[in-house]
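Q: Those protein sequence lines, which keep their order, are chains A and B.
To convert, note that position 75 of the first sequence is 75 in this note's numbering; the numbers rise steadily by one, no gaps.
To convert, note that position 163 of the second sequence is 163 in this note's numbering; the numbers rise steadily by one, no gaps.
It should be emphasised that the hints constitute simulated quantities derived from the structure, not laboratory data.
Any given hint might turn out to be false.
[Said to hold, decoys possible] Facing chain B, from chain A, some residues (calculated, C-beta under 8 Å):
#1 V106
#2 A138
#3 I168
#4 G212
[Said to hold, decoys possible] Label pairs and their in silico Cβ distance ranges:
#5 A:G64 <-> B:P273: 25 to 31 Å
#6 B:L253 <-> A:G24: 35 to 41 Å
#7 A:R2 <-> B:P403: 45 to 51 Å
#8 B:V4 <-> A:D35: 30 to 36 Å
[Stated by the list, open to error] Capping the alpha-carbon separation at 20 Å, the derived lysine to any residue pairs in SDA-like fashion look like this:
#9 A:K198 <-> B:L228
#10 B:K9 <-> B:H284
#11 A:K198 <-> B:H284
#12 A:K101 <-> B:H284
#13 A:K101 <-> B:E327
#14 A:K101 <-> B:V179
Using N, Cα and C, we set each Cβ at its ideal position, and we do this for glycine too.
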Amino acid sequence: MRLLVVEDDPLIARSLEQALTPLGNTVEAFTRHADASAALRHDRFDLVLLDLGLPDGDGLALLGELRERGDTTPVLILTARDGIDDRVRGLDLGADDYLAKPFSLVELEARVRALLRRSQQRIDNRLRLGALCFDSVAGLAYLNDTALELPRRELALIEGLLLHAGNIAPREMLERRLFGFGEVGPNALEVYISRLRKRLQGSGLRIRTFRGLGYRLEEAEA
Amino acid sequence: MIVVDGTLKTRLALWLLATVASLGLLLLVEAYLSATRAAERAYDSQLEAAALTIAEAVQWQDGQPLVEIPLAALQIIATRHQERVFYAVLDARGEPLSANLDLAIEKRWRDAAAERPSWHDADHRGQPWRLHGREFDSAGWETQDPVQIWVGHTLAGRRSLSGELFEHAVTRFLAMVLVAGLLMFLAMRVALAPMRRLRHQLRRRAADDMRPLDARVPRELQELAETLDNLFARQRNSRDALLRYTADASHQLKTPLAGLQSASELALKSEDPNAWRRALGEVHDGAARTSRLANQLLSLARLRHVADASRLAPVDLGALLRETLLEWADRDLAGAHDLGLAPLPARPVLVPGEPWALRELLGNLIDNALRYTPPGSEITLGLNDEEESVELYIEDDGPGVEPSRLARLHQPFERGGRQDTEGSGLGLAIVDSIARRHGAEWRVENRTPHGLRITLRFRRLPGASVA
Numbered sequence: 001m002r003l004l005v006v007e008d009d010p011l012i013a014r015s016l017e018q019a020l021t022p023l024g025n026t027v028e029a030f031t032r033h034a035d036a037s038a039a040l041r042h043d044r045f046d047l048v049l050l051d052l053g054l055p056d057g058d059g060l061a062l063l064g065e066l067r068e069r070g071d072t073t074p075v076l077i078l079t080a081r082d083g084i085d086d087r088v089r090g091l092d093l094g095a096d097d098y099l100a101k102p103f104s105l106v107e108l109e110a111r112v113r114a115l116l117r118r119s120q121q122r123i124d125n126r127l128r129l130g131a132l133c134f135d136s137v138a139g140l141a142y143l144n145d146t147a148l149e150l151p152r153r154e155l156a157l158i159e160g161l162l163l164h165a166g167n168i169a170p171r172e173m174l175e176r177r178l179f180g181f182g183e184v185g186p187n188a189l190e191v192y193i194s195r196l197r198k199r200l201q202g203s204g205l206r207i208r209t210f211r212g213l214g215y216r217l218e219e220a221e222a
Numbered sequence: 001m002i003v004v005d006g007t008l009k010t011r012l013a014l015w016l017l018a019t020v021a022s023l024g025l026l027l028l029v030e031a032y033l034s035a036t037r038a039a040e041r042a043y044d045s046q047l048e049a050a051a052l053t054i055a056e057a058v059q060w061q062d063g064q065p066l067v068e069i070p071l072a073a074l075q076i077i078a079t080r081h082q083e084r085v086f087y088a089v090l091d092a093r094g095e096p097l098s099a100n101l102d103l104a105i106e107k108r109w110r111d112a113a114a115e116r117p118s119w120h121d122a123d124h125r126g127q128p129w130r131l132h133g134r135e136f137d138s139a140g141w142e143t144q145d146p147v148q149i150w151v152g153h154t155l156a157g158r159r160s161l162s163g164e165l166f167e168h169a170v171t172r173f174l175a176m177v178l179v180a181g182l183l184m185f186l187a188m189r190v191a192l193a194p195m196r197r198l199r200h201q202l203r204r205r206a207a208d209d210m211r212p213l214d215a216r217v218p219r220e221l222q223e224l225a226e227t228l229d230n231l232f233a234r235q236r237n238s239r240d241a242l243l244r245y246t247a248d249a250s251h252q253l254k255t256p257l258a259g260l261q262s263a264s265e266l267a268l269k270s271e272d273p274n275a276w277r278r279a280l281g282e283v284h285d286g287a288a289r290t291s292r293l294a295n296q297l298l299s300l301a302r303l304r305h306v307a308d309a310s311r312l313a314p315v316d317l318g319a320l321l322r323e324t325l326l327e328w329a330d331r332d333l334a335g336a337h338d339l340g341l342a343p344l345p346a347r348p349v350l351v352p353g354e355p356w357a358l359r360e361l362l363g364n365l366i367d368n369a370l371r372y373t374p375p376g377s378e379i380t381l382g383l384n385d386e387e388e389s390v391e392l393y394i395e396d397d398g399p400g401v402e403p404s405r406l407a408r409l410h411q412p413f414e415r416g417g418r419q420d421t422e423g424s425g426l427g428l429a430i431v432d433s434i435a436r437r438h439g440a441e442w443r444v445e446n447r448t449p450h451g452l453r454i455t456l457r458f459r460r461l462p463g464a465s466v467a
């Protein structure tokens with residue numbers, strides 16, 4: 001994947017490069033708004049990491065320009081401004097995610113992976129995490145490339161979890177997917193989750209429960 | 001915002017002008033009346049003098065009055081203007097013995113004049129006249145019929161005299177207005193001088209000069225001056241608090257920075273890669289602690305110095321709680337804890353609030369719980385919906401806090417006696433600030449057998465509709 005980093009602090013730019021290159025990415029870093037803008041006009045990137053406080057212009061302006069052109073390259077905003085207003089403004093202008101400085105590199109890597117996965121899924125219509133894959137066109141789930149014979153609700157559950165893969169899938173969302181808007185018992189969802197857990201045993205994936213909040217499909221640490 | 005609504009000078013001047021104008025109108029009416037009255041009196045006595053002069057010239061011969069009109073009498077009543085004059089001497093039957101005009105004297109006037117000398121206004125050939133008549137008896141041995149002497153003139157003389165008198169009065173009045181206006185202007189300057197002095201003093205003040213005012217002011221300005229002093233005092237206090245806070249904050253920042261410095265310095269001196277590794281770990285932790293501290297100091301400063309409670313709008317506390325908790329549960333920091341949400345009330349729970357501040361409040365509560373409890377601890381947040389209020393709580397099954405320290409937890413840089421965590425001791429100070437902004441009461445208590453529970457009680461907005 002080709003990543004574009006727009007960041008004027010050399011220390012941060014270097015650590016971004018060092019953190020993201022081992023994940024199989026090519027990283028190009030620019031320290032100025034004008035250079036980055038020119039590069040974006042001539043080249044295609046898979047993800048832009050954008051610092052808002054550039055010395056020669058406003059990062060939000062660059063973002064606006066990009067979206068104005070109809071360019072849908074995912075953008076992750078990095079900024080030391082932590083005001084909610086800035087965050088809302090950035091997301092309004094079409095940023096895909098937002099990370100306030102200082103951030104941990106682990107957090108950054110997770111966000112980058114999620115954004116790249118999401119943009120990849122937009123392209124091939126498949127939701128994927130580890131060995132689990134859901135083809136949203138065919139409506140089929142695969143584990144280790146073997147199609148799973150599953151009832152409708154379990155398929156809906158897999159799709160819901162994969163849509164948020166790596167993040168918590170809120171339980172309200174999952175309940176609506178599985179049971180519609182009707183009243184459901186508090187344990188109905190839990191029944192389906194435990195069935196799915198059994199199927200995923202030994203697949204390198206697990207479902208973590210967040211009490212009252214939802215479930216997260218994640219890769220089990222080796 | 002300051003809206004300029006006219007000037008004090010204009011306002012004073014307008015009122016004074018209105019007063020002077022209405023007084024002036026009264027004075028002018030009075031002056032006109034008295035001028036007219038004076039002219040009347042003067043000319044009436046001239047008519048009387050003329051009539052007496054004529055009376056003296058009446059001679060009696062064989063019981064018949066002989067009238068020779070003396071020139072002096074006519075001169076008396078003919079004023080310097082082109083005044084027309086009239087005289088007549090009538091016998092007892094009212095027939096003229098001598099007259100210069102055919103001006104008829106009415107019977108009732110003659111009767112009145114028989115009683116005592118009298119004055120009348122008459123109209124002759126379209127012109128107003130003033131007439132005076134008196135009866136005259138001969139002072140002799142033989143009794144004669146009395147004669148009546150009538151004199152009169154047109155009104156030109158009177159009018160010109162009263163006009164002249166009135167003019168003088170008006171001139172005097174205008175001069176008075178002029179002098180009064182001048183004095184008023186000076187008086188306004190003198191009266192407004194304290195305000196000007198106060199203004200100059202305020203303008204000369206240095207931006208950071210918060211000392212009380214040192215000015216002599218009249219009683220009317222006392223309240224304003226005291227209010228200003230009060231404002232200065234409050235600013236002084238808030239500046240002092242800010243200075244204290246900045247000093248505290250830089251002291252707090254210095255501690256982890258010193259750690260960073262010494263750890264890196266030691267590593268640079270060492271040749272042992274294991275020591276570098278250890279030092280790098282320490283540097284990383286130190287940097288994380290410092291940046292968290294900087295963030296908290298910033299939000300506390302913002303909370304303390306943006307004391308604008310007017311922006312409170314209805315917020316669905318349940319939705320906000322779920323949203324914030326989802327975000328926190330996803331973070332790396334929460335990976336080792338069991339962070340959960342108790343079932344929320346079915347209806348929306350609306351409280352007046354600022355969403356960013358409430359998110360900050362929840363964030364600090366969660367962050368504190370994660371940092372001050374061992375991995376694997378259960379942390380639960382929830383809402384208890386009551387009739388008038390709503391209770392937001394966070395509880396954990398960690399070690400709790402020593403009872404003697406519970407009351408001091410909301411003070412900045414208070415860590416509940418713990419030195420073993422990355423905490424800065426600012427979290428609950430921020431919570432306290434935000435709770436105050438929202439008029440919420442909060443309390444901390446230990447749970448049995450162990451753990452901590454923090455409860456915040458918010459005022460609930462009536463109705464369940466989300467704005």
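Q: State the violated hints by number, sorted upward, taking the hints as numbered earlier in the document.
A: 2, 5, 7, 8, 9, 10, 11 and 14
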